[in-house]
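*Asks:* Sequence:
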Amino acid sequence: AAPIFWLDYGSPNRPWSEQALFWGLCTPVLCFLSLLGIPFAFSEFSGIRSEPRQSCKYFAWAFTMTMFLTAACFALGDALTSEADRPPVPFLIGYDIGLAFLGIPFICCTLPSQFFKTADSRKRLAWAFLACAGAHVVFGGIMPYLCFLLQDSDSEGVRMLIILLFLVVKLGYERAGNLLHAKLGADIVPTYTATSTIYHQAVLCTAMASGFSLLPFFELVLIDVLENGYQLFCIHRHFHANPRDGDATVRDRDIAGMLSALLIREFLQMTTLLGFLFEVVTIRQLSPRYFDLICAQSASEFARTIMYVLIDLVVGAAVACFSWRLLVHHKVAPFKLLRGILARFLPAFLAVATSAHIFTLSRHHSHAGMDLSLNFYWRAPGEPLSC
Numbered sequence: 267a268a269p270i271f272w273l274d275y276g277s278p279n280r281p282w283s284e285q286a287l288f289w290g291l292c293t294p295v296l297c298f299l300s301l302l303g304i305p306f307a308f309s310e311f312s313g314i315r316s317e318p319r320q321s322c323k324y325f326a327w328a329f330t331m332t333m334f335l336t337a338a339c340f341a342l343g344d345a346l347t348s349e350a351d352r353p354p355v356p357f358l359i360g361y362d363i364g365l366a367f368l369g370i371p372f373i374c375c376t377l378p379s380q381f382f383k384t385a386d387s388r389k390r391l392a393w394a395f396l397a398c399a400g401a402h403v404v405f406g407g408i409m410p411y412l413c414f415l416l417q418d419s420d421s422e423g424v425r426m427l428i429i430l431l432f433l434v435v436k437l438g439y440e441r442a443g444n445l446l447h448a449k450l451g452a453d454i455v456p457t458y459t460a461t462s463t464i465y466h467q468a469v470l471c472t473a474m475a476s477g478f479s480l481l482p483f484f485e486l487v488l489i490d491v492l493e494n495g496y497q498l499f500c501i502h503r504h505f506h507a508n509p510r511d512g513d514a515t516v517r518d519r520d521i522a523g524m525l526s527a528l529l530i531r532e533f534l535q536m537t538t539l540l541g542f543l544f545e546v547v548t549i550r551q552l553s554p555r556y557f558d559l560i561c562a563q564s565a566s567e568f569a570r571t572i573m574y575v576l577i578d579l580v581v582g583a584a585v586a587c588f589s590w591r592l593l594v595h596h597k598v599a600p601f602k603l604l605r606g607i608l609a610r611f612l613p614a615f616l617a618v619a620t621s622a623h624i625f626t627l628s629r630h631h632s633h634a635g636m637d638l639s640l641n642f643y644w645r646a647p648g649e650p651l652s653c
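Going by the numbering used here, the sequence shown runs without a break in its numbering and finishes at 653.
Simulated from the structure, these hints should not be mistaken for lab results.
Ideal Cβ placement from N, Cα and C applies to all residues, glycine included.
Each hint should be verified, as a subset may be incorrect.
Claimed, not checked - Distance windows between CB atoms, simulated:
no.: 1; residue 1: Asp-274; residue 2: Leu-488; range: 38 to 44 Å
no.: 2; residue 1: Gly-477; residue 2: Ala-522; range: 19 to 25 Å
no.: 3; residue 1: Ser-421; residue 2: Thr-330; range: 41 to 47 Å
Let the hints inform the model, and build the full structure from the sequences given.
*Replies:* Right under this line is the structure:
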């Protein structure tokens with residue numbers, strides 16, 4: 267992700283004719299990588315194992331959609347904006363989100379033909395489409411806008427309320443996952459949990475760079491600790507449940523689902539934080555000019571961002587150690603279980619993580635035209651970059 271910001275693009279308010287490097291090279295790369303997670307997640311929701319040949323079809327789909335989205339972004343921007351107001355690649359990320367909806371049905375072209383022969387498989391396909399569309403709406407629209415509101419607000423009370431809204435939206439998405447779990451089976455839990463965790467954590471990482479004070483940050487950390495603590499409590503309660511209270515098979519299946527979700531969540535929270543830390547430090551040191559999230563930060567402000575991420579990492583590590591101790595107490599081998607999950611779902615996890623990181627960072631590229639305040643600072647002639 268970091269090399270996206272290393273090239274010399276020039277000022278974002280320059281005419282399109284002088285922005286060929288961005289929309290001709292950077293834009294297709296951004297689209298391709300941000301779309302890559304969709305077919306892999308869709309295949310897991312649909313119940314199709316991603317074999318090498320199938321994965322090649324997904325890469326071909328992402329490449330085809332990249333060409334379509336790049337051309338559509340350019341054409342729509344040219345039609346909807348005047349010469350005076352035209353951004354380099356207008357509202358690039360907004361078009362990307364909206365037009366990607368059109369591409370989801372075309373994933374069906376990559377699926378095996380026998381998958382469409384029964385009513386049950388076609389119904390599962392429809393539910394998988396809803397799962398991907400819901401992820402688009404929540405993590406491509408609602409959460410980025412909440413992050414913008416958090417960065418734009420000067421009131422600590424409003425910021426704390428917005429952080430609570432992050433939790434409400436995430437819990438709502440996970441609640442919808444319970445419905446999909448009932449419709450599609452337990453196999454969707456790892457990929458669904460991974461999608462929720464990676465995108466949510468990536469958005470929160472950008473929120474931590476917005477410059478809020480310690481009180482909202484501690485609220486953010488406390489919510490994370492309480493969420494993981496509640497899940498550990500539920501697992502502990504299930505292990506101590508009386509066998510006569512219900513079907514043992516159902517209870518064991520519930521415990522397996524909760525253990526998988528817990529391990530995936532804690533593992534991916536840590537890796538997402540580490541990835542974000544590496545990305546922002548690398549960009550800051552090499553070329554922060556086109557990364558509007560941190561380019562205007564002073565040394566003390568950037569140090570505070572790093573401190574927030576490191577504290578979150580330490581707290582996450584402490585929670586993971588406590589989880590490990592509790593699971594070992596109940597004769598569960600957490601590392602062995604996690605290794606088995608990664609062996610089965612690693613391609614989907616990597617694809618979703620790539621999409622989440624690229625999408626989150628590209629929203630803050632100075633040339634992407636993604637200004638949710640709708641002020642569009644690059645409209646003013648000769649307006650320089652803020653840093």
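*Asks:* Which constraints among the numbered hints does this structure fail? Numbers only, ascending.
*Replies:* Hint 2 is the one this structure does not satisfy, whereas the remaining hints hold.
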